[in-house]
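S.K.: This is what each chain is made of:
2 protein chains.
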Amino acid sequence: MQAEIVFTGTELLLGEVINTHAQFLGRELAELGIEVTLHTAVGDNHEALKAILQDSLARTDLLIITGGLGPTEDDLTSETVAALLGLEMVQDDNTLHKLNLIFARRGLPLPVSIKKQVFVPNGAIVLPNSAGTAPGLIVRSGRKTIILLPGPPNELKTVFESHVKSYLKTIAGCGVVMHSTVLKVTGLSESQVQDRLQQMHVTGNPTISYVAIPGEVHVRVTARVNSHIEASRMAEETAVRITTELSDYIFGQDDELLNETVGALLLERGLTISAAESCTGGQVMKLLTDVPGSSRYFLGGIVSYSNELKTDLLGVPGEVIATYGAVSEQTAIAMAEGICRVTGSSLGLGITGIAGPEGETSEKPVGLVFIALAAGDKMFCKRHIFPGQRTGVRVGATNTALNMVRRFLLGLLHQG
Amino acid sequence: MQAEIVFTGTELLLGEVINTHAQFLGRELAELGIEVTLHTAVGDNHEALKAILQDSLARTDLLIITGGLGPTEDDLTSETVAALLGLEMVQDDNTLHKLNLIFARRGLPLPVSIKKQVFVPNGAIVLPNSAGTAPGLIVRSGRKTIILLPGPPNELKTVFESHVKSYLKTIAGCGVVMHSTVLKVTGLSESQVQDRLQQMHVTGNPTISYVAIPGEVHVRVTARVNSHIEASRMAEETAVRITTELSDYIFGQDDELLNETVGALLLERGLTISAAESCTGGQVMKLLTDVPGSSRYFLGGIVSYSNELKTDLLGVPGEVIATYGAVSEQTAIAMAEGICRVTGSSLGLGITGIAGPEGETSEKPVGLVFIALAAGDKMFCKRHIFPGQRTGVRVGATNTALNMVRRFLLGLLHQG
Chain S
1 MQAEIVFTGT ELLLGEVINT HAQFLGRELA ELGIEVTLHT AVGDNHEALK
51 AILQDSLART DLLIITGGLG PTEDDLTSET VAALLGLEMV QDDNTLHKLN
101 LIFARRGLPL PVSIKKQVFV PNGAIVLPNS AGTAPGLIVR SGRKTIILLP
151 GPPNELKTVF ESHVKSYLKT IAGCGVVMHS TVLKVTGLSE SQVQDRLQQM
201 HVTGNPTISY VAIPGEVHVR VTARVNSHIE ASRMAEETAV RITTELSDYI
251 FGQDDELLNE TVGALLLERG LTISAAESCT GGQVMKLLTD VPGSSRYFLG
301 GIVSYSNELK TDLLGVPGEV IATYGAVSEQ TAIAMAEGIC RVTGSSLGLG
351 ITGIAGPEGE TSEKPVGLVF IALAAGDKMF CKRHIFPGQR TGVRVGATNT
401 ALNMVRRFLL GLLHQG
Chain P
417 MQAEIVFTGT ELLLGEVINT HAQFLGRELA ELGIEVTLHT AVGDNHEALK
467 AILQDSLART DLLIITGGLG PTEDDLTSET VAALLGLEMV QDDNTLHKLN
517 LIFARRGLPL PVSIKKQVFV PNGAIVLPNS AGTAPGLIVR SGRKTIILLP
567 GPPNELKTVF ESHVKSYLKT IAGCGVVMHS TVLKVTGLSE SQVQDRLQQM
617 HVTGNPTISY VAIPGEVHVR VTARVNSHIE ASRMAEETAV RITTELSDYI
667 FGQDDELLNE TVGALLLERG LTISAAESCT GGQVMKLLTD VPGSSRYFLG
717 GIVSYSNELK TDLLGVPGEV IATYGAVSEQ TAIAMAEGIC RVTGSSLGLG
767 ITGIAGPEGE TSEKPVGLVF IALAAGDKMF CKRHIFPGQR TGVRVGATNT
817 ALNMVRRFLL GLLHQG
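If you're matching them up, the sequences are chains S and P in order.
No gaps in the numbering here: position 343 of the first sequence is 343 in the working numbering, and each next residue is one more.
Each number in the working numbering corresponds to the 1-based position in the second sequence with 416 added.
For the record, the hints were derived by calculation from the structure and aren't laboratory data.
Quantities reported herein were computed from a predicted structural model and do not represent experimental measurements.
The reader is advised that the hints may include incorrect statements.
[Said to hold, decoys possible] For each label pair, taking beta carbons as the anchor points, the in silico distance ranges come out as:
| # | chain 1 | residue 1 | chain 2 | residue 2 | range |
| --- | --- | --- | --- | --- | --- |
| 1 | S | Asn100 | P | Gln614 | 37 to 45 Å |
| 2 | P | Arg757 | S | Leu257 | 46 to 54 Å |
| 3 | P | Ala680 | S | Tyr324 | 32 to 40 Å |
| 4 | P | Phe519 | S | Arg383 | 41 to 49 Å |
| 5 | S | Gln389 | P | Lys585 | 29 to 37 Å |
| 6 | S | Ala58 | P | Gln418 | 22 to 30 Å |
Using N, Cα and C, we set each Cβ at its ideal position, and we do this for glycine too.
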């Protein structure tokens, strides 16, 4: 089965945003065994969009269109599809009802412009969008299937995963399918990861590819074979080998989010956590509180950027800082102990390091970070040198700190 | 002047790599006053590529093609262009000479496959590639200009910057150029922004377009006219009108980063800052400390997620929380006062609200956030209802809090 994708949005042509949809949909469709033959990106222009859709529908039976479903005047997709197929736009009562509820709950009137989203091509299947106000749509006409997805990345993913994937599975046949899994690594550079994996002689099928972002390396394992189960088994087998090789550095697989994993484990064990952050400046707590319901296990914490606050708020003895320095194992441990004492939490993190670009000395380079975890009468502390610049060091330290908590909760962390 | 871009490479369709060329070329061409009307991405397939190039040349006089210039069998671009225009492939002696030199210097024989790169469509202008082996090409035929660029990002940039940019400047000449500026808005939904701007009757040229990400709406103002200076003046004039209309909600323009602006203003005025965060959970401090050198003005702060920490660490009176609630103007003010007292900073932020999805009551909906700023004997506090879900509310509150500091430092914030 083949498909084309049309991305709408003048911002794509102007280079204002990067087209992440192309990658997301490309992978998802490949996994479903659907071959994408063409991508087109077109501006928010009715005539241009109409011409492109017409050409595309002459070539393919399955067309996916992203963007242009929002409330503003430059959102033209559903009207254009309707015009092309000679369908009327009709009001969808469920969508109207949902929008009314959202705004009523906040005591706000329904904005005039948003009412546009309530109209859909006659006969369309409406795909509820739990992440936003514009629903996705499936429009069928003869042999042609057109799937319209909202443009904001989180909304596109939500609608794709909750509705479109299962729909496509039913209409797609079976050829060579692809299965990939991504292992997320922190604390090593891309070339360090590559060197380690090359020694393992992972070659051929599955293939390995790397994407580096500051503070993380994503290792993608992709198997290609003519069965979903076999592809998945092959990719998973290689992923397990890699996880064994890089155990300390792997903090997640695929969509697993470290903060959610840590939160679920804390809840399950009835434990609470707090943090004392220096070089990460609040990033660990920001991530912990990204998770809905985190107030059940996260109490709070202190960003002690200055030495005074380390002493005044966390009780790190002045002599410890004077003798060993603010960036030292001793200070990290005193911070972790201090935050547990202050908040009464079961677990406490203490993080101190040199994020750069300033502050490095001949003994203490940029990237040096000490991370301590206090857990009742147990204390763990590890010294790290994170690769990269300021952002890479901070992200590396944040991921590693949360991974230390995860590994502790799973009984994988050992003292000394 | 208009152009289309064709990106070649099966890896783009499979989602194996992200198309960064689209963004790079989009920006570069917009600056040169060349309007990109269409992007197409096509796999490494001779027939498909030929059909796409044919369609494209029927619509546009300027076509840019990326990728497919390398030495392997799936590199088809120059042959396909030559076939399409009825041109022979001829040997380019300069390229051959250069390749011979490169390999001789390494003591290696010239690989057989690489000799393919020595052949170019007859009459093409060859653009030396100092970052790799495949040169770029400019092929002219009648009114049509086709520019072929190598696929690896660094090679594409090198060839574009050293040859293509100046070439395009001469042919784009004195046509209509485009200038855009982006205003970043927080605290309003996309439809609320549009409703406000529609009342201003901003229509025609400059045009306005919108991009929404959680917690932010980006308003792009684009002017098109036949002079760089005039385009810039027109866009700026409209931007000023919009900024006046939405003043409280605009937190940045173009590449300006709010945390850097706040940091620079604090440094300039010799002031320090600290923060007491509840619903934002450390995100404000994370953003402040993203900036290198932030330890010169940021002292630290407290994430008081639990009510106990609001009282124990920040001295928010228990009666205040009992009477008005943890999410109230009174609590926000006590938090801002408390953090200034604890850290001794000149400015202190207090942020408390309901990020959701839990915790909402009939009087206090998800999105309700109070932000207080203490500055010596001055106290500012504002009630907000941020649109969106948890992430949108938290990002909205974070941007608004930092914007409150920026506006205070610029003398734009008024009490009451």
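S.K.: May I ask which of the numbered hints given earlier this structure violates, with the numbers listed in increasing order?
M.R.: 1, 2
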